[in-house]
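Those protein sequences? They're chains A and B, same order as listed. Just so you know, we're using numbering that gives the first Met the number 0 here: the first sequence kicks off at 0 and counts up by one. Just so you know, we're using numbering that gives the first Met the number 0 here: the second sequence kicks off at 0 and counts up by one.
No lab work stands behind these hints: they were computed from the structure. Heads up, a few of these hints could be off.
Below, a list of computed lysine to any residue pairs in the SDA-like style, where the Cα atoms sit at most 20 Å apart [to be verified]:
{"hint": "1", "chain 1": "B", "residue 1": "LYS22", "chain 2": "A", "residue 2": "SER132"}
{"hint": "2", "chain 1": "B", "residue 1": "LYS90", "chain 2": "A", "residue 2": "GLU90"}
{"hint": "3", "chain 1": "B", "residue 1": "LYS92", "chain 2": "A", "residue 2": "ASP80"}
{"hint": "4", "chain 1": "A", "residue 1": "LYS71", "chain 2": "B", "residue 2": "LYS92"}
{"hint": "5", "chain 1": "B", "residue 1": "LYS90", "chain 2": "A", "residue 2": "TYR87"}
Because the structure is a prediction, the values reported are computed rather than measured.
Given next are the chains, with one letter for each unit.
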Amino acid sequence: MAAEESKAFSDYAAIWSPIVLSLGSLFVSWLAFNKAGQSSKEIFINSLRDKVKNTKHFILNLENKTYSQDDKMSILETIQDFLLYQGYKDEKEKFLNAYIKTDLSNLQEELEDIVGYILIQDDVSNNKLIAKSKLNIFFNQL
Amino acid sequence: MGDVIYYNFAEQFSKNPGLRFRKLSDFSGEQFREEVLEPCFQNNTKIIINVDGVESSLGASFLSEAFGDVAVKYTKAKFDELISFKIDTPKGKVNYEEMLERVDEALKRQGKL
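All chains should be modelled from the sequences, with the hints used to inform the complete structure.
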């Protein structure tokens with residue numbers, strides 16, 4: 000009887016041990032993956048914060064002068080790069096919630112308009128304040 | 000429907016598209032809408048836009064003003080029937096997807112989506 004019980008236990012252990020070990024290994028992998036995922040998110044959000052700050056400083060430092068078409072397009076491209084325009088699609092999808100994604104998209108469009116008016120010297124100081132305010136609001140959401 | 004126009008954006012409009020309004024920059028979204036897109040809707044002509052030669056991106060305000068406004072004015076169904084991009088390159092695909100997003104946002108703002 001004892002021998003039968005011992006054999007049954009051995010069979011049981013033989014079947015379940017690899018499964019338990021596999022599940023344990025899977026859990027450890029999941030923990031590592033999750034930790035790495037969080038780090039990637041933090042890195043992305045921190046980078047976006049820096050870019051928003053850089054955008055603000057860039058706009059506030061725009062000179063009061065007449066800009067050529069090439070100057071305007073170069074400034075526009077810089078702002079587009081700062082605000083991840085047409086880039087980082089996977090990261091935005093993965094790390095930003097729907098509200099922030101929409102706000103970022105709206106911010107990209109609104110800032111082009113505001114900067115456009117700054118570049119034609121239309122109410123420059125007020126438009127710089129509007130740009131600063133919009134960027135601050137977005138920054139605080141991150 | 001009339002003929003199909005194959006439109007080379009860089010050669011026929013600009014390699015460096017501008018901002019939303021004519022008063023803000025040359026080659027604006029407003030100019031593109033009035034000179035290129037509106038006639039397509041008026042003549043019921045399909046247009047396939049090739050942006051491969053464009054040096055910079057078509058900006059958010061450009062896309063919204065040019066494409067969003069005609070979608071609002073002529074309905075999304077008509078827009079989908081007439082407006083298309085050449086999307087077999089990364090640049091074409093990215094700009095096409097961005098344009099569709101700006102069109103949807105313009106329609107939402109007008110309560111038409």
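State the violated hints by number, sorted upward, taking the hints as numbered earlier in the document. As far as the earlier hints go, 1, 4 are violated by this structure, in ascending order.
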